[in-house]
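J.: Spelled out, the chains give:
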Amino acid sequence: MQTSSNRIAHIADVHHSYGKVTALAGINFELRRGEVLALLGPNGAGKTTMVSLLLGLLRPGSGNVTVFNKDPRSLSVRRRIGAMLQISGIGPNLTIAEQIDLFRSYYPNPAGVAQLVAAADLAELMDRRAKALSGGQLQRLHFALALAGNPELLFLDEPTTGLDVESRRRLWARVRDLSESGRTVLLTTHHLEEAAALADRIVVIDHGRVIAEGTPAELEAEVSGRRICCVTRLSIKTIRTLDGVRRVERRGASTEILTANAESVLRQLFAQDPELHELEVGGVGLEQAFLALTGGELDSDAPQEEAA
Amino acid sequence: MRSSLQLQSELAPSRRPNHVMHAFLAEVRYELIANWRQLDFAMPTVLFPAFFYLFFGVFFGKGSGLATYLVATYGAFGVIGTGLLGFGVGIAVARESGELRLKRVTPAPPAALIGARLVTALWFSAFILFELFVLAAVLADVRFERGQWLALAIILLIGTLPFGALGLAIGTRVSAKGAPAIINLLYLPSAFLSGLWIPITMLPEFLQQLALFMPPYHLAQLALGVIGLDAGHPWQLHVGVLAGITVVAGIVAMRGIRR
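Protein sequence lines, in the order shown, are assigned to chains A and B.
Here numbering that gives the first Met the number 0 is used: position 148 in the first sequence is 147, and no number is missing along the way.
Here numbering that gives the first Met the number 0 is used: position 4 in the second sequence is 3, and no number is missing along the way.
Among the clues, some could well be false.
Said to hold, decoys possible - Here are some of the chain B residues that sit facing chain A, going by a computed Cβ distance under 10 Å:
1) Ala22
2) Arg28
3) Ala33
4) Ala93
5) Leu99
6) Leu101
Stated by the list, open to error - Calculated from the model, a selection of chain B residues having no Cβ within reach of chain A, i.e. all distances over 12 Å:
7) Phe58
8) Leu121
9) Leu209
10) Ala242
By construction, these hints were calculated from the structure, which means they are not laboratory data.
Just so you know, even glycine gets a beta-carbon here, dropped at the ideal spot from N, CA and C.
All chains, please: the whole structure from these sequences, using the hints.
T.: Below is the structure:
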């Protein structure tokens, strides 16, 4: 197995299921020191499961997970990380100032209160109890708590869910600040825009597998291309064997094909089905490409693991 | 001078020499504060024993053996309640809200999380015992020697522990909504069958035998032993059962918390 010196967290060949539902189907993944990595995928893709494994909240069904080359559950690891969880709560009866004080007490070298308050824009809310906060304010509190230990590695699981546009932009700016101060950030999101705006590297996952990986630019180059729509008697299986075809999907009567080389695919299509009609050829943006990559019915004969 | 120091400590990351102790004390302080701010949750647990005692001990039993007996058993009833409900419902709520999950990601020492709840439960237990002792001494003419009051208080306070462990074990395995119901379903009948509400000798013989299988019975018997009203089993039996419960429930609870 390869080891790179700047690897900060590693998921090696991990399978994980909840009962009969497969969440991760053989994931390999590494996080490198200093990068902002976005785990991008639709809901249910396995993002939160990956984060839970890296945080030591779950043990992998099979395979291996390390953070700082150690078991994620070890105390020395937990002192160096911070996390904003998707499912997490907080005692309703303590004020923000008290919560921050409590979480700082857990760490040998906590971040300063003033830093935390500024980073999460909490100055006006310090005496407010958690139960009196709005969803967005609560998110900001969780952001501050994630930073309480001055972490080298920060996990943000869907950090901007429920935030309005302005708060979202503000959080993005904070994440960039953190990255500039040398911290490693792993964030999960199902918004391509968010991943593209923040990440040095994007890992796209779906159905518990990594389906694409690269810098935002690389990813765009890889997945973008042309989209061909037509009505044809050729089967999806046949079309998939054609040269240059990346994805095929049946949409009602028509068939949608993604390709980097539309001309070549069109020549092959007409050679096999002269009666092909209702032809349309268009471009594919990153957003569409992402949707196509992860859209549920794209691989219609892929095994249906996520039955539940 | 003071303000500049404060400013410095707020801006720069500060190294704490004894941060585990610091974490423990912070957890205890905030657990107490949080409980104080929602006293209405704790009210029934804290007031019922005194309320029952006022009714059965003071009005019915004033000056009789009943008033004496019930100080010990309502004391047991009270501390068992803070242990079972305080720990059990508390942990079920913390688990379901995701608070426990969030804390598991931090380096918060698990002992601090449990310890803070224990200190809080002991605080409530002490308050319940204080209420009962005052009612007994002032209104029901119960007379013990100073050493007996003290022994009673110590035994009952320590008695919070096995039931706290039991509460934790249950609370890590049931939902926050179900926890109070499930715990009360175990707590109230077993309290009755252990002779906490009425003297155990007033129950039919077979129920008195059955009581040996009720955890509250053993704490009550230890407390009654102090004032010479126990059923005469060796104290080692009661201590052994309660210690066993603490260990087994403690293990079950720790497993549940790690899930």
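J.: If a hint holds in the structure, say so; if it does not, say that too.
T.: Hint check results:
no., hint, result
1, Ala22, "holds (5 Å)"
2, Arg28, "holds (9 Å)"
3, Ala33, "holds (4 Å)"
4, Ala93, "holds (8 Å)"
5, Leu99, "holds (8 Å)"
6, Leu101, "holds (4 Å)"
7, Phe58, "holds (37 Å)"
8, Leu121, "holds (20 Å)"
9, Leu209, "holds (39 Å)"
10, Ala242, "holds (29 Å)"
Comparing the model with each numbered hint stated earlier shows that all of them hold.
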